[in-house]
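A.B. asks: Now for the letters of each chain:
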Amino acid sequence: MQNRFLLDFERPIASLYKKIDELKKLGKSGALDLESETAALEKRIESLRREIFSSLTPIQVVSVSRHQQRPTTLDYIGQIFEDFVELHGDRYFGDDRALVGGFAKLDGRPVMVLGQQKGNSTKENIFRNFGMAHPEGYRKALRLMKLAEKFNNPIICLIDTPGAYPGIGAEERGQAEAIARNLREMALLKVPMVCVITGEGGSGGALGIGMGNRVLMFEYSIYSVISPEGCAAILFKDASRAAEAAQNFKLTAKDLFELKVIDGIIKEPLGGAHNDLKTAADNLKEALILQLDELKSLSLEAVVKDRYKKFRNFGEFIE
Amino acid sequence: MTISEWFNKKKSPAYSAERLDIPGNLWVKCFKCKETLFNKDLEANLKVCPKCGYHFKLSSKERIATLLDGSSFSPYDPEMRSKDFLGFFDTKQYAKRLLEHEEKSGLAEAVVTGEGTLGGKHVCLAVMDFGFMGGSMGSVVGEKITRAAERALKLRLPLIIVSTSGGARMQEGIMSLMQMAKTSSALAMLGQNNIPFISILADPTTGGVSASFAMLGDINIGEPAALVGFAGPRVIEQTVRQKLPPGFQRSEYLLEHGMVDMVVERKDLRPVLIKCLDWLGY
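Protein sequences appear in the order of chains F and C.
In terms of my numbering, the first sequence opens at residue 1 and continues consecutively.
In terms of my numbering, the second sequence opens at residue 1001 and continues consecutively.
In short, the hints are calculated from the structure, not lab data.
For every residue, glycine included, the Cβ atom is placed at its ideal position computed from N, Cα and C.
Among the hints, a few may not be true.
[What the hints assert, rightly or not] FRET-style restraints, in silico, Cβ to Cβ:
{"#": "1", "chain 1": "F", "residue 1": "Ile318", "chain 2": "C", "residue 2": "Arg1156", "range": "26 to 34 Å"}
{"#": "2", "chain 1": "F", "residue 1": "Gly89", "chain 2": "C", "residue 2": "Lys1267", "range": "42 to 50 Å"}
{"#": "3", "chain 1": "F", "residue 1": "Lys105", "chain 2": "C", "residue 2": "Asp1084", "range": "45 to 53 Å"}
{"#": "4", "chain 1": "F", "residue 1": "Asp107", "chain 2": "C", "residue 2": "Glu1062", "range": "43 to 51 Å"}
[Stated by the list, open to error] Cut-off 20 Å, straight-line C-alpha distance, at most; resulting in silico cross-link-like pairs (DMTMM-like, lysine to aspartate or glutamate):
{"#": "5", "chain 1": "C", "residue 1": "Lys1096", "chain 2": "F", "residue 2": "Glu86"}
{"#": "6", "chain 1": "C", "residue 1": "Lys1092", "chain 2": "F", "residue 2": "Glu244"}
{"#": "7", "chain 1": "F", "residue 1": "Lys309", "chain 2": "C", "residue 2": "Glu1150"}
{"#": "8", "chain 1": "C", "residue 1": "Lys1092", "chain 2": "F", "residue 2": "Asp238"}
[Unchecked claim] Covered stretches of chain F (in silico footprint by chain C; criterion: 3 or more residues with CB under 8 Å from a CB of chain C, positions within the stretch not fixed):
{"#": "9", "segment": "170–179"}
{"#": "10", "segment": "199–209"}
{"#": "11", "segment": "230–243"}
{"#": "12", "segment": "247–257"}
{"#": "13", "segment": "308–314"}
Produce the entire structure from the sequences given, and follow the hints as far as they go.
C.D. replies: Here is the structure:
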C-alpha cells in the first residue's frame, strides 16, 4: 500500500489516487472488473512520482526529510536489528525520550545503536519532544557510547532531529556543555562508529551524536548548520525565504557528498523512505554492514586516528 | 504619516552604539547605567564602567593587551582568510561581506591566535573578536583555534581561549558546523596529553562556539554578566512561550547552575589566571 500522506509538490498524484478510490468503489458496487484500469493508474502514479522525485529542489527535499510518516529510529531498529534491548537514563538527571538507544545485533554482530526519536503523530511527537533532545539525551548517548567502547562493540547512530532543544531547563542543565563534551569524547572513542542521517540533521543537535568514522545520509535527508527557516529569518530577515536559503546552503545528501562532508548516500525507495519502510531499511542495513566490515580491520588506535583525520581536515580557507 | 505607516514604523531601539557614541569618541554613555563616561577613564579602567561595573566588549587587540605581559604577544597565522566557497548570497555576497568586515575591523578574521607570556608564564592564546561578523566561527576560526591547540600540544604550553561569538558562521553552511567537531577533537588530544585548557567566556558566547570548545575548559571562567548559552534567548522565548527567568544565561546564572568555575571581574582576570597556571605547574 502506497503512502497517501502527500506533500505539496506531489499534488498531481493526489488526483490519480482519488480516481483509484472511485474505481474501487464502483468495483465494489457492480460486477465490473476494474483491476486493469486501477493497475494502469497505479503505473501512472509511479511514473509521475519518478518524474517528480528525479528533480526535487532542496526545499522539497527538506519537506521529504521531515515527512510526518518518515520512518523513525525505532522503526529502523525494529526492521534491521535483532535482540534490541533499550537502555535508559543518563545517570545524572533523567531519561530523555527524544533520544533512544541500546544493545542490538546487526547480522548477528553485537552493536550499540542509538538515535533521536521522532513520532509519526502529534501525540507521539509531543511524547518524544519532536526528536529534540535535552542535555540528558546527549549524556545518555555518551554513556551508551562509552559502554560500547568498554565492551569493544561498534556504535551506530541514526540521526533525525530538528536540533537540540532550546528551552530553559535545557540551558540550565548545560545543553552547550553536553554537546561539546560529546564532541570531545567521540573524538577519542576506540571503537568504530557509523552515523547515518535518516531524516533531519539539525545542526549541533545532530553533530552531538554525529562524529562517526563514516557518516552516511539517506537520499532525501538533510544536514545543515541551521534550518533553512532559521537562516532565512536571521540572514534574509524573512522566514518565508526558506527555499532560497535551502538552495544556498548545500544541505542535501548530494551536495554534502560533493563537499566531501559525508562518505556515502543510501538510496531511498521511490517517493521517499516512508513509501516503503522495508526497502529503506534493507538499504540501510546493507550500507551499515558494508561500512562496519570496512572498519573492522582497524586497530583501536587506528580507529581513533581515522576519525581524527576525517574531522581535522574540514575547512576551506586561504593562506 | 498615515496610520499604516505608523503601524509599520520600526520601533527605534532604546539605545544604540551609534547614538551613544558622541562625536570625537571623547565621551561614552554606559549601556547599563547610562552614565556619561570620559572615554580615557573607561579605557584606563579596562573598559569597565567605574559606576556600575558594566563590562564593555573588548576587541581582540584590547583583550590581548589586558591579559598578556607588555609586548610579549606573537601571532600565529595572521594572514589566514575565509573563502566564499559556497558562493553564499543573503542580502549581499559573503565574499563582499568579508572584505567589508576586514576593512571595518582591521582584522583578517574573527579570531587572533598566538603565544606570549602572562606573568612571565609562556602560554598559547586565542582571542575571538565580536567586531568581525559577530565573532562567528567559520573555517578560519576553526582552523586557527585547532592549530593553536596543536601548537600548545607540541610546545607543551597551556592554552587559553577567550570566546565571544554568536556561534557558527551560517555563510559557510555545513563546514562551519564541522569546525565544532574539529576544534573539540583538537582539545581532546590536548586533554589526553595533560595540557591544560582555560576557557574564558566573554559576552556573548552562544551557539556552535559554546557547544564546542568554549565549554570544554579544564577551567571555565565567565566575565560578569556575559551571555553564555546554547540557544539565544529570543529563540528560547519563542519556543517555550514563557518569560525567561531574571539573569537567565548570564555568567552568574551559569555559576549557580554549575557550568562555570567562577565569574571573574576583568581587573582580577590576570592575577586569577596566573594563580591557576601556577597551580597547574607552569
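A.B. asks: Each hint needs a verdict: does it hold in this structure or not?
C.D. replies: Status of the hints after comparison with the structure:
| no. | hint | result |
| --- | --- | --- |
| 1 | F/Ile318 / C/Arg1156: 26 to 34 Å | 30 Å, holds |
| 2 | F/Gly89 / C/Lys1267: 42 to 50 Å | 44 Å, holds |
| 3 | F/Lys105 / C/Asp1084: 45 to 53 Å | 47 Å, holds |
| 4 | F/Asp107 / C/Glu1062: 43 to 51 Å | 59 Å, violated |
| 5 | C/Lys1096 / F/Glu86 | 51 Å, violated |
| 6 | C/Lys1092 / F/Glu244 | 13 Å, holds |
| 7 | F/Lys309 / C/Glu1150 | 13 Å, holds |
| 8 | C/Lys1092 / F/Asp238 | 14 Å, holds |
| 9 | 170–179 | holds (count 9) |
| 10 | 199–209 | holds (count 4) |
| 11 | 230–243 | holds (count 5) |
| 12 | 247–257 | holds (count 5) |
| 13 | 308–314 | holds (count 4) |
Hints 4, 5 from the list above are not met by this structure, while the remaining hints are.
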